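> Given only the sequences and the hints, what does the whole structure look like? Please build it.
For reference, the chains in residue letters:
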Amino acid sequence: MSIREGLFYTKEHEWLAIDGDVATVGITEYAAEKLGDVVYVDLPKVGTQTTYMKICGEIESTKSVGELYAPVDGEVVAVNDSVASNPELINHDAFGAGWLIKIRFTELPTLLSPDEYAALTNEG
Amino acid sequence: MNDAQALKTTPLYEEHVALGAAFTDFGGWNMPVRYTSDLAEHAAVREAAGVFDISHMAEFFFEGSGAAAFLDHALVGVASEINLGRAKYSLIVNEQGGIIDDLIVYRFTDERFLIIANAGNHQAVWAALNERAAGFDVTLDDATSRYALIAVQGPRAVEVLKTLTDAPLDDLKYYSIFEGDFGGALAYFARTGYTGEDGFELLVKNEHAVNTWRAILSAGSSVGLIPAGYACRDTLRLEAGMPLYGNELGLHTTPFDAGFARVVRLDHDFVGASALINKAGDIPDRKLIALVGEGRRAARAHYELFESEASEHPIGEITTGALSPTLGYPIAMAYIDSVHGDLGTTVWADVRGSRQPMQISSLPFYKRAK
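Residue numbers (my numbering), protein chains in the order written: chain A, 1 to 124; chain B, 1001 to 1370.
By construction, these hints were calculated from the structure, which means they are not laboratory data. None of these values were measured; they are calculated from a predicted model. A portion of the hints provided could be inaccurate.
[Claimed, not checked] Quick list of the computed label-pair ranges, beta carbon to beta carbon:
| no. | chain 1 | residue 1 | chain 2 | residue 2 | range |
| --- | --- | --- | --- | --- | --- |
| 1 | B | 1094 | A | 93 | 46 to 56 Å |
| 2 | B | 1028 | A | 21 | 49 to 59 Å |
| 3 | A | 93 | B | 1028 | 31 to 41 Å |
| 4 | B | 1314 | A | 18 | 22 to 32 Å |
| 5 | B | 1179 | A | 58 | 49 to 59 Å |
| 6 | B | 1094 | A | 51 | 49 to 59 Å |
The beta carbon of each residue, even a glycine, is placed where N, CA and C say it ideally should be.
Right, here's the structure in full:
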């Protein structure tokens, strides 16, 4: 399990890569490992308004359901369609090909640094 | 997680740690939930073989001239009719006919039997059996803490085990048991399982557990045998239509609710018989059914069932549900009001606020090719 530098994190085990006013959002490797094999994802459509820490999607494994909490206020501008057809991408490459959505945000809330997230998961 | 110290561990715990397993609390035991991937482990059991540590399960030996009569009295089935070397699925119920546990009875000789029961019901079953033993010439031995139980399941399981023992495994029918040598130690080979595949459950003394486990992994690696955890054990048994105590079975469930009329022998006297005889003629209020859905969104345990997409009052509840790894669509077991439970009926499952149609089907969902 690894925590990637250069990303922001939430206590709900999401990661964010910030580029200008767009955040690419996924779940962390830690969350993917806890879930087990992801078999289904339900993501918001492009154009959906997101509200900080409101549920905006679901990630299901054979064993359980994980909720995707919007990490920022904003609007969904892209959805990773390959993850919908190949949910195992989340297990194989949580920080890369397994990204879920891109959100254009108005302002960034307080997010966790890699060190803070590592402390949260006791893997620091 | 803070209670991890309080959880019991099996003699194979260090093996699981070394294999990189993730753990979960299973009936008070810290058991491996997965080693690598739930789906890979599930597929290995269906296509090659998987090995499970099920040492948390309870093992009780019974010996004496009254052992058979005692078990007849204690269980809903007739243990005295089990042929030597064979096994039978049975239930232990309370005076009201509620299920205390489901279990397998194995018979070695006229006077010697073994019961394997669920870990979570260990104390309840042991207490009930001891109470029911009064007046019978039988000795009860709770061997759980002395034995490890290792399940080897899958189409290649027997082939792998044959390389490790001279025991006549091919001659053992499904639901048989044999006492034989395994790597220089005594083992019980039970041709039973909880996956819907062929295979054995091996009962060995604790001190032989690690060697047995390693020998199986090593002998099986060339055919694709891998260690398998509890996540896949649950999807395997669901596909095979096998109930899990706590989900499909419980103290408020009768054998008739659960569709187990065939294991209840009302022509013999046992604890709970009078309650069950009274219910035997009635159609139960609810019954256990199989459901099949579409798409990939699973209806899971405790989700409610409705007659239509918009109806207000639930008519049933899912007991176990998952996206079937083998079949690729959602499957579930559920209790439903009997009037709504006809085969082929479409019902609606409330999946976290949205209703999904599912069709009442029959068990099992998956059956292995013979």
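> For every hint, state whether the structure bears it out.
Cross-check of the supplied hints:
Distance hint check for residue 1094/B and residue 93/A: the Cβ-Cβ separation is about 52 Å, which falls inside the suggested range of 46 to 56 Å. At roughly 51 Å, the beta-carbon separation of residue 1028/B and residue 21/A lies within the given 49 to 59 Å, and the hint holds. A hinted range of 31 to 41 Å for the beta carbons of residue 93/A and residue 1028/B is consistent with their spacing of about 37 Å. Between residue 1314/B and residue 18/A the beta carbon distance is about 45 Å. The supplied range of 22 to 32 Å is therefore violated.
For the hinted restraint 49 to 59 Å between residue 1179/B and residue 58/A, the CB-CB distance of approximately 50 Å keeps it satisfied. Separation of residue 1094/B from residue 51/A is about 51 Å and conforms to the stated range, judged on CB atoms against 49 to 59 Å.
In the structure shown, a violation is registered for the earlier hint numbered 4 alone.
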